[in-house]
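Same order as they appear, the protein sequences are chains H and X. Residue numbering for the first sequence follows my numbering, starting at 4 and increasing by one per position. Residue numbering for the second sequence follows my numbering, starting at 4 and increasing by one per position.
All clues given are correct.
Residues from chain H that keep clear of chain X, each with C-beta distances beyond 12 angstroms, as calculated:
1) GLU38
2) VAL41
3) THR104
4) TYR113
Derived SDA-like pairs: lysine to any residue, alpha-carbon spacing no greater than 20 angstroms straight-line:
5) LYS95(H) - ILE20(X)
6) LYS95(H) - VAL26(X)
7) LYS95(H) - PHE24(X)
8) LYS95(X) - GLY28(H)
9) LYS95(H) - GLY28(X)
10) LYS95(H) - PRO32(X)
11) LYS95(H) - GLU27(X)
12) LYS95(X) - GLY30(H)
13) LYS107(H) - ALA92(H)
14) LYS95(X) - PHE24(H)
Examples of chain H residues lying across from chain X (beta carbon under 7 angstroms, computed):
15) LEU13
16) ILE44
17) ILE75
18) ASP119
19) ASP121
I should point out that these hints are in silico values taken from the structure, not numbers from a laboratory. All values reported here derive from a predicted model rather than from experimental measurement. Every residue, glycine too, gets a C-beta built ideally from N, C-alpha and C.
The residues making up each chain are set out below.
Number of protein chains: 2
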Amino acid sequence: MQPRVDFISLGVRDVAISRRFYVEGLGWPVHREHEDDVVFIQANHGLILSLWNVAQMEEEAAVDPPSGVPCITLSHNVTSPDDVDRTMAQAKAAGALIVSTPRKQPWGGYTGYFADPDGFRWEVAFNPTWTVADDGGVTV
Amino acid sequence: MQPRVDFISLGVRDVAISRRFYVEGLGWPVHREHEDDVVFIQANHGLILSLWNVAQMEEEAAVDPPSGVPCITLSHNVTSPDDVDRTMAQAKAAGALIVSTPRKQPWGGYTGYFADPDGFRWEVAFNPTWTVADDGGVTV
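Next comes chain H alone, as it looks inside the complex (with noise of 0.2 angstroms):
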């Protein structure tokens, strides 16, 4: 597993208002949105943050029941869905609790979510419409 984070995801109560608060407030740029579902946010280099409609991300992390606590995603890229089982098995023998084993998901990718030693959860992600190239850089 290389030692990237291509994704951070937030989880907003409103993505209305996260909007405004990144977009119109500190003028960040909309790289690719859906209507009250996410917005993207192409930051620094091949990184994205993500403001997500939190019932949404924690339905599609397989997080049941929701704690309520503002949640949280660092997501790694990988090039295939056996990259997502191999990293996921290895997460998991170096102690990650699994959060979500591996599966399809509804938009074509195919995830698996594990927590580290303090709870902090990670996202396993082959999007077979975005490209993670040699030096982990993302394009979306």
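Here the structure of chain H is known, so what remains is to put chain X in place on it, guided by the hints.
Just chain X now, with coordinates in the frame of chain H:
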């Protein structure tokens, strides 16, 4: 305020346990470390993942009392103390809650903390010993 995340700091209960997970388990390289206090991992491009003793992290952010919830900070590095003040003022104008007003830190830096509309914590930091390039990359 440029759309940049320079550091992700995870507030961990036991740095040695986190080190074992990320460094020995996942194979991620240590960039720099201070025993029992913090481990810096140089992640993709300019991004640094910091595994930081949670008590120290909360003390530096002047969060009082510590919430007990695993804490995470997204850091935005700038090039001068004035830049810290300007950025904090911009965040406040955009609706941020000021977590701690900018102050000098024992390690020589000058930092302030704000929270976004969902309570996600950002540090705005000037570190005189680190370089922020025009393109936003940070060199430790």
